[in-house]
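Novice: Top to bottom, those sequences are chains A and B. Each number in our numbering corresponds to the 1-based position in the first sequence with 297 added. Each number in our numbering corresponds to the 1-based position in the second sequence with 297 added.
Rather than coming from a laboratory, the hints here were simulated on the basis of the structure. Honestly, I wouldn't trust all of these hints.
No copy is singled out in the list; a pair is fine if it fits within one copy or between any two copies.
Quick list of in silico lysine-lysine cross-link-like pairs, DSS-like style, CA-CA up to 27 angstroms [to be verified]:
id : residue 1 : residue 2
1  : Lys423    : Lys434
2  : Lys474    : Lys458
3  : Lys432    : Lys302
4  : Lys407    : Lys343
5  : Lys553    : Lys627
6  : Lys553    : Lys530
7  : Lys495    : Lys465
8  : Lys423    : Lys322
9  : Lys302    : Lys352
10 : Lys465    : Lys619
11 : Lys619    : Lys488
12 : Lys407    : Lys306
13 : Lys458    : Lys402
14 : Lys624    : Lys553
15 : Lys352    : Lys488
16 : Lys402    : Lys343
17 : Lys349    : Lys434
18 : Lys343    : Lys423
19 : Lys434    : Lys488
2 protein chains.
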Amino acid sequence: MATIKDVAKRAGVSPSTVSRALSGKVPVDQETRERVMEAVRALNYKPNILAKGLKEGRTNTIGLIVPNISNPVFPAVARGVEDVAREHGFTVILCNTDEDIEAEKDYVEKLQKRWVDGFIFATARKESHHILQLKEKGFPVVLVVRHMGQAVDAVVIDNYKSSFEAVKYLIDTGHRKICIVNGDTSLTLYKERFEGYKHALQAAGLPITPELVLDAAGRGDTGYETVRAMLEKGMLPDAVFATSDPRAIRVIRAIKDCGLSVPDDVSVVGFDDLDISAFLDPPLTTVCQPLYEMGARAARRLIDIINGEKYGQPKVELVEAKLVIRKSVKVREH
Amino acid sequence: MATIKDVAKRAGVSPSTVSRALSGKVPVDQETRERVMEAVRALNYKPNILAKGLKEGRTNTIGLIVPNISNPVFPAVARGVEDVAREHGFTVILCNTDEDIEAEKDYVEKLQKRWVDGFIFATARKESHHILQLKEKGFPVVLVVRHMGQAVDAVVIDNYKSSFEAVKYLIDTGHRKICIVNGDTSLTLYKERFEGYKHALQAAGLPITPELVLDAAGRGDTGYETVRAMLEKGMLPDAVFATSDPRAIRVIRAIKDCGLSVPDDVSVVGFDDLDISAFLDPPLTTVCQPLYEMGARAARRLIDIINGEKYGQPKVELVEAKLVIRKSVKVREH
DNA sequence: CTGAAAGCGCTTACAG
DNA sequence: CTGAAAGCGCTTACAG
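Sequences are here, hints too, so could you generate the full structure?
Specialist: Written out as structure tokens, the structure is:
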């Protein structure tokens, strides 16, 4: 491949001049510039970005680390990150960890060796020491979707409040036996969604029934089996709050497979509002997170930090989620 | 950040020795090695990968370009690519183009400047000249899911055959008015799926009815509206072959919204076999592509090419897809 | 086994 | 406006 020297030779100038002509930031004689451009075209010259990055100490690239790319939540966030990054001349490297913290550490290990100028993590957990370390080293880091208290900049929704409101909606529409099918509560986000559920019930004077608190965490998502087992034991809630849409899809299938109807027998509320959620049967009532917006904001914040502005006190930005009402909840009279 | 010089100074050796101790490929005195490692730990030294890549002329990284990360087909392929890459010490950079050829060219432009050692494209179209150019330059390139004739190495399924068999299954189960809801036929893959449909009907002596050939290409997927419009015009097929699962989900919704039942009134067959397809209502009969396997094979092929083996005649590998029978097709008597 | 030197391909302060 | 030189942080042939 052609190097800057080849171009210089062909254009009859020095490499420095080629570099300057290409940068566009420094005055170069018009005629010289044209000769350089001509040579660049003729040789199909592409500057070696490794050399450039080595010299300049930055690569205009950000690493986006997501836990599971098959969960449509993360592609939506990624879109927001990419669009903003691109506007600012940054490229994003998307890394999928499959919830495997070792895979994640491998990525971080490799990328922090000057590949990327900063990271956005959608994978934060309590045990994510590597994220804290990065931050302590002064490496630009922003979290999205999942956060770690106030220690690191983050863009998240108010999971507690959204969950509270979703459950309150079920109560207001006449439901009394509300089951929650939740994710991994070692993630703050699911813990907060559970708290929202609990407090909404308490606020309405309803009891927390342990048999109605279901755990569908883990790989392969166990929402189907868990709900089916509950139903077959004769425990019949009048509503289920599934804390993600993929879980809601499995919950609905389980209810139907037990010969019951959604929403006539059991109402269901989801969380996410995926692309396909409006097309399910019944169209799903669910909490819509502004995922694209969250990605976009996280990217903006990170780029500010990379550009050396305000890396002072970490800020946790809260964005609004809202309940989208479709047809999976029935109003019940008592 | 610490550099190799800092480590050398602290360990009382030359930078060359540090480099050699770290590489592990060259004999280094045991005691010297330990002093180096000690210094590496103490300074938390990470070699600058840009400098390394510049010197060595490779980065052990591959670029994976996908058209739409929100379509679950591509995450599945990406998994296969990542797992194999990782086994071989490669990192993968995942780039989402959103079907925007300009975005794609931007990525390729940036990554080919020595960021990556090779590319896997899941975005190939007839107009993808940039892919051909890359290949002509000698840049390692492999295609997956979508291919470009015999010009470039590729791993794909036999779309014609899979489609033929899906439609034949509908015919064998007693369907006579079979509608196809297809994607963008400027993609070879959808053209081939259409050919399979056509020939299966012809082989059974059934006519091709233009009103039953529906186009649901384009952004936001128009499967819902198109099918609904057909049904409202009074055109009632006894089966629909949707050439992707996301399309099948919209088709089913449209049929139900017209007061009809799946599969009692209309059978539906999809294509993809997504994670959630088994949980839909009804559980979807669909063509299962071995997506993970395809990604894995593409990665293996690319890494072979990068390692300088056999970049001779391009090979198009065909992998087997198979129909997964669930409950969205009803056997009809005549 | 180890060090000094050269060089990967750029950019940029320093002279002119 | 332009060139020669130095240097970014590594690796590796060349000596010893």
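Novice: Checking Lys434 and Lys488: alpha-carbon separation at most 27 angstroms within a copy, between copies, both or neither?
Specialist: Classified as neither; 29 angstroms inside a copy, 53 angstroms across copies.
Novice: As a check of your reading, is Lys302 near Lys352 (CA-CA no more than 27 angstroms) within one copy, between copies, both or neither?
Specialist: Answer is both: 16 angstroms inside a copy and 17 angstroms across each meet the 27 angstroms cutoff.
Novice: Taking 27 angstroms as the upper bound on the Cα-Cα distance, should Lys407 and Lys343 be classified as within, between, both, or neither?
Specialist: both (24 angstroms within a copy, 9 angstroms between copies)
Novice: Could you place Lys474 and Lys458 in one of the four classes (within, between, both, neither) given a Cα distance threshold of 27 angstroms?
Specialist: For Lys474 and Lys458, only the intra-copy Cα distance (20 angstroms) is at most 27 angstroms; the inter-copy one is 51 angstroms.
Novice: State whether the alpha carbon distance between Lys553 and Lys530 is at most 27 angstroms within one copy, between copies, both, or neither.
Specialist: Close inside one copy (16 angstroms), not across copies (32 angstroms); limit 27 angstroms.
Novice: If the cut is 27 angstroms between Cα atoms, do Lys349 and Lys434 qualify within a copy, between copies, both or neither?
Specialist: both (24 angstroms within a copy, 22 angstroms between copies)
Novice: If the cut is 27 angstroms between Cα atoms, do Lys495 and Lys465 qualify within a copy, between copies, both or neither?
Specialist: within (10 angstroms within a copy, 53 angstroms between copies)
Novice: Quick one: Lys465 to Lys619, C-alpha cut-off 27 angstroms, is that within a copy, between copies, both, or neither?
Specialist: within (13 angstroms within a copy, 46 angstroms between copies)
Novice: How would you label the pair Lys423, Lys434 (within, between, both, or neither) given a Cα cut-off of 27 angstroms?
Specialist: Classified as within; 19 angstroms inside a copy, 48 angstroms across copies.
Novice: Given identical chains, is Lys619 near Lys488, meaning Cα to Cα at most 27 angstroms, within a copy, between copies, both, or neither?
Specialist: within (19 angstroms within a copy, 41 angstroms between copies)
Novice: How would you label the pair Lys624, Lys553 (within, between, both, or neither) given a Cα cut-off of 27 angstroms?
Specialist: both (15 angstroms within a copy, 14 angstroms between copies)
Novice: Can you tell me if Lys553 and Lys627 fall within 27 angstroms by alpha carbon in one copy, between copies, both or neither?
Specialist: both (16 angstroms within a copy, 19 angstroms between copies)
In summary, the structure is inconsistent with hints 8, 13, 15, 19 from the numbered list given earlier, while agreeing with the others.
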